[in-house]
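The primary structure of each chain is shown beneath.
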Amino acid sequence: MKLQTITASVFTMVLIACSPSAPPAAKEEAPAAIAPASGRDHIKIVGSSTLYPFATTVAENFGRTTSFKTPVVESTGSGGGLKLFCAGTGEQHPDITNASRRIKSSEVERCAENGISEIIEVKIGYDGIVLANSRKSPKMNITLQELFLALAKDILDAENTLKPNPYDKWSQINPDLPDIRIEVMGPPPTSGTRDAFVELAMEGGCKTFDWVKALKKTDKPAYKSLCHTIREDGAYIEAGENDNLLVQKLNANPKAFGIFGYSFLDQNFDSIQGSSINSVDAELENIADGSYPVSRSLYFYVKKAHIGQTPGIQEYITEFLSEKASGEEGYLVDRGLIPMHEDERGQWKEKVKNLAILSLE
Amino acid sequence: MPEHSLTSSAQLKARHGRETRFRWMGRIAILLSLGFLVFMFVAIGMRGSSAFSQTRILLQINFDEQILDPQAKRDPAQLALANYKPLITKALKQLFPEVTKRRDQRRLGRLLSNGAAFELADMAAKDPQLIGTTRDIWLTASADVDMLIKGKVDLGVEENLRRLKDTELSWIRKLQDNGHIKKKFNSAFFTKGDSREPEMSGIFGAMVGSFFSLLVCFVIAFPMGVLTAIYLEEFAKKSFITNIIEVNINNLAAVPSIVFGLLGLSIFLGVMNLPRSTPLVGGLVLALMTLPTIIIASRAALRSVPNTLREAALGLGASKVQTTFHHTVPAAMPGMLTGAVIGMAGALGETAPLLMIGMVAFIVDVPQGITDIATSLPVQIFLWADSPEKGFVERTSAAILVLLAFLIAMNLTAVILRKKFEKKW
Amino acid sequence: MKQSHDLTLRRSGRIAKIKEQTIIAGLVVCSMIAILVTIGIVASLAFEAFLFFQKVPISSFLFGLEWSPQTAIRADQVGASGKFGVLPLLSGTLLISTIAMVVATPLGLFSAIYLSQYAETRTRDWIKPMLELLTGIPTVVYGFFAALVVAPIIRNTGSGFGFDISSESALAAGLMMGIMLIPFISSLSDDVLSSVPKTLSDASLGLGATKAETITKVVIPAAIPGIAGSLLLAISRAIGETMIVVMAAGLSANLSLNPFDAVTTMTVQIVTLLTGDQEFDSAKTLAAFAIALLLFILTMGLNMIALKVFNKYRTIYA
Chain A
1 MKLQTITASV FTMVLIACSP SAPPAAKEEA PAAIAPASGR DHIKIVGSST LYPFATTVAE
61 NFGRTTSFKT PVVESTGSGG GLKLFCAGTG EQHPDITNAS RRIKSSEVER CAENGISEII
121 EVKIGYDGIV LANSRKSPKM NITLQELFLA LAKDILDAEN TLKPNPYDKW SQINPDLPDI
181 RIEVMGPPPT SGTRDAFVEL AMEGGCKTFD WVKALKKTDK PAYKSLCHTI REDGAYIEAG
241 ENDNLLVQKL NANPKAFGIF GYSFLDQNFD SIQGSSINSV DAELENIADG SYPVSRSLYF
301 YVKKAHIGQT PGIQEYITEF LSEKASGEEG YLVDRGLIPM HEDERGQWKE KVKNLAILSL
361 E
Chain B
1 MPEHSLTSSA QLKARHGRET RFRWMGRIAI LLSLGFLVFM FVAIGMRGSS AFSQTRILLQ
61 INFDEQILDP QAKRDPAQLA LANYKPLITK ALKQLFPEVT KRRDQRRLGR LLSNGAAFEL
121 ADMAAKDPQL IGTTRDIWLT ASADVDMLIK GKVDLGVEEN LRRLKDTELS WIRKLQDNGH
181 IKKKFNSAFF TKGDSREPEM SGIFGAMVGS FFSLLVCFVI AFPMGVLTAI YLEEFAKKSF
241 ITNIIEVNIN NLAAVPSIVF GLLGLSIFLG VMNLPRSTPL VGGLVLALMT LPTIIIASRA
301 ALRSVPNTLR EAALGLGASK VQTTFHHTVP AAMPGMLTGA VIGMAGALGE TAPLLMIGMV
361 AFIVDVPQGI TDIATSLPVQ IFLWADSPEK GFVERTSAAI LVLLAFLIAM NLTAVILRKK
421 FEKKW
Chain C
1 MKQSHDLTLR RSGRIAKIKE QTIIAGLVVC SMIAILVTIG IVASLAFEAF LFFQKVPISS
61 FLFGLEWSPQ TAIRADQVGA SGKFGVLPLL SGTLLISTIA MVVATPLGLF SAIYLSQYAE
121 TRTRDWIKPM LELLTGIPTV VYGFFAALVV APIIRNTGSG FGFDISSESA LAAGLMMGIM
181 LIPFISSLSD DVLSSVPKTL SDASLGLGAT KAETITKVVI PAAIPGIAGS LLLAISRAIG
241 ETMIVVMAAG LSANLSLNPF DAVTTMTVQI VTLLTGDQEF DSAKTLAAFA IALLLFILTM
301 GLNMIALKVF NKYRTIYA
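Chains A, B and C, in that order, are what the protein sequence lines are.
Okay, so the first sequence: first residue is 1 according to the numbering used here, each after it adds one.
Okay, so the second sequence: first residue is 1 according to the numbering used here, each after it adds one.
Okay, so the third sequence: first residue is 1 according to the numbering used here, each after it adds one.
Same shape as in the complex, but just chain A:
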């Protein structure tokens, strides 16, 4: 008897599910009903994995302390985020994208092509990119030039001709460096960390050669491809942006180095250490005052057209720039954000209040 009830109930379900033959057809109507534009009640955020911890923290606090829904944050990398961001306006496109570098003019153009001409830029603070290894190994002190020589795809030899990077070990570059294989795990090209690392560290080291400096004036593309191309022979391991697994992998392999944002170093200070670059330690103060050579600004970008469509965007920005979030004692500092100076934060607050539109000069 029991079986009969089971059968009966199962068959009602059969009828429900199978009557319009294919289930996708039945489901197709569902989203149509909720589709009409401006239908989203939560902010949608994509972008950099470096900002992910900050954005999620603000999102959570914002959701708790206001009557708005908690924004949904997806980590896609700075490049990927800007691409999604610039794909168009409307419910299915994100409202905000986080970037661990400034937006590029090519990206602004792309946005404009898709009808997004008004973008609001918000700077939230600074970040240093660290080259870190396990505390089980000695700390390294390296110059930008040495770093370039270790990681570039092609380098110059004595006669100033290009040749593939010959270095296997750090010590081959400079005998003072450790006598171990070059093994650096770092982010893929979609990542802003990678962009910033390439532009600040690689290019910075590359420029120290006079010949390269001259090249910059004569042949910019060649200069860029020389300075920006990272080697692909296994010494540089693209380890994805799951930076926490990266930290664990560094712990497991004391000979390897990792490249990531300062916040991950900050969270794991007891197990990993940042190398000094050009003899400057990777420390909060040095990054904030700019003496640490590989530091960058962090931004997020907002579609002006979405303000008023998706509820809470302005309030979210206000929360992000507030004293308790990105101020010098704010909760983001606990997460490893390097805060802007009081005055600078004030300026950005003012800019955002007036909904100043981004223009790249």
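Result set (DSS-like, lysine-lysine): computed pairs, CA atoms no more than 25 Å apart in a straight line:
no., chain 1, residue 1, chain 2, residue 2
1, B, Lys152, B, Lys192
2, B, Lys85, B, Lys182
3, C, Lys312, C, Lys217
4, A, Lys69, B, Lys126
5, A, Lys153, C, Lys83
6, B, Lys320, B, Lys238
7, A, Lys169, A, Lys139
8, B, Lys238, C, Lys17
9, A, Lys136, B, Lys150
10, B, Lys73, B, Lys85
11, C, Lys308, C, Lys198
12, C, Lys19, B, Lys238
13, B, Lys320, C, Lys19
14, B, Lys165, A, Lys136
15, C, Lys83, A, Lys220
16, C, Lys83, A, Lys224
17, B, Lys90, B, Lys184
18, A, Lys224, A, Lys163
19, B, Lys237, C, Lys19
20, A, Lys324, B, Lys90
21, C, Lys308, B, Lys237
22, B, Lys165, A, Lys324
23, B, Lys237, C, Lys312
24, A, Lys349, B, Lys85
25, C, Lys128, B, Lys420
26, A, Lys163, A, Lys216
27, B, Lys192, A, Lys69
28, A, Lys163, A, Lys217
29, A, Lys324, A, Lys69
30, B, Lys152, A, Lys136
31, A, Lys153, A, Lys216
32, C, Lys17, B, Lys320
33, A, Lys169, A, Lys136
34, A, Lys353, A, Lys69
35, B, Lys93, B, Lys182
36, B, Lys182, B, Lys150
37, A, Lys207, A, Lys169
Calculated from the structure, these hints are not laboratory results.
Please build the complex by placing chains B and C on the supplied structure of chain A, with the hints as guidance.
The following block gives chains B and C in isolation, referenced to the frame of chain A:
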């Protein structure tokens, strides 16, 4: 003659030796496999079990009306949004009158979770009567304190490398001496959504996401799977088409799950424009994936129903359809359900296809329906494995334990279902 | 009166018949879904892969020795050469799968032999569900475990012996995948071994052979096709496995057969290409579909062969 028997007995001995060795190889293989299972469970259990308790700090909180509700309206919605941080700061000042510097007071406040103020907000919103009273409340400690109390912080490292400095340690020791700090059962872990604070994060949101996905998956895959099985077993004549269907089903069973994710990405999201990151799409993808399992199990169940049953029904004048739906299918139902439960258990643990359709995001709110953005239990595990905060390591393991508990429960259900309704024809 | 009664009877009979035919038609439609899904998979993969092959020639995809999908995602970015040769991924996949099979085959087969030939029913009733539990564990759990526990153990043991093992070594991922496959192989082979007619082994035992001799000389040779089929299915599974390799194997596309090196697999690349940057037009995104198509063809092929072998085997002893 004796010579011969001697060699043959030696030979016999060798043969028996081989026999024993062979048997032991089988035993060792099984022991190794099961030993590994145990090793993994123990290792994860040891890492994860500590997440089921949570360090809390006892504070005497004065729900000051002046701060929270100056107009004395007692409106729960307003109370939920008030600022409760000052209450905690005040309570700490009482407990540690000797800490006077502003910077130190701030550090003192960091012994508690960022979420502690929200806990107070929730309490006050639920019970506005609290306003104006003073209560003893156990508030969640910060992840750093939690890790310390759970013994996961190496105090041997230099002070300036530790997240907790010596002053903080002395404060914690004082709290410990007064009995103001305690590990309690971590119910928030089972009732909350994701959070940036390891100590405030829970798996409930992910569980609900998984539930909705499985619901969609079941509602689609089970009827379709059963009906397909019925057609193939009871009605279809051997033909070119049925042959193709059969080959297809067998092949689909072996298609890597990630390919189904790509199918979902390009068809459900790309062509049909279904909402990204939702249990609706997740469930659809999982349904296509589980379909072969359910079809194969249902066919086996139908095949095990003896022909005499069908013949009896047909002989009494029932039509083929009546025979099938009134007699054969009910008899095969336990087997079909068992197959469905096993299929669902597989779907519950599936991660890769969900990554493809964007069910990886930071989602705090618990999803309310199948079109809300959600994640799922295994994806939450994957996400937490990526978080920089140390506290998430134990959470990841604990979430794995919960997931495994669900899977074991589902598999047990399948076994019981099979045992209970199994008929020997 | 009688006539009209007859008529209604006939009419209700006709209605019933229509009803039944609708039901059967519904059944046919439902069973077509399986075909639809396959068509959907092939169509979506092939379509995107076709777009990809317009940007990257198919020959340089299939025979290229270098994989570095670092194309610029902006006009002014210097990506890298953007090489889309799938061979390093294929070799990585095969390396990890081979390690997995080296672990899983002996353990799985010996377990199956013990369970089907030696174990008493009571032990069998205990052990079988336990082994099945091992199959039921989600792969994300294996992945987490491989990355956090197994890989460091392997690394440390390796450096103890003076080997330099990458922390994302193929060995850790392969080992873990092998453990995942043990119950898969053992339960399939168990079925195969159990279905070898008892008359064969009885004859052998009756002639004085020991149990081990009977198994190695009679039962296994008789079951070889079935066992081969189950191993093929296991390989197909290993090739398509995603989470373990995503979490434990890393992204470096080395064309290497050294198990201590870090390699990457097809599935890992699909995940990385699609979770970072979900635009539908770049060569990077499309490459994921091309890899998936290759993966689909590979697993499908293995599966077809396995099924053929199984069927042949079944016809021998049916």
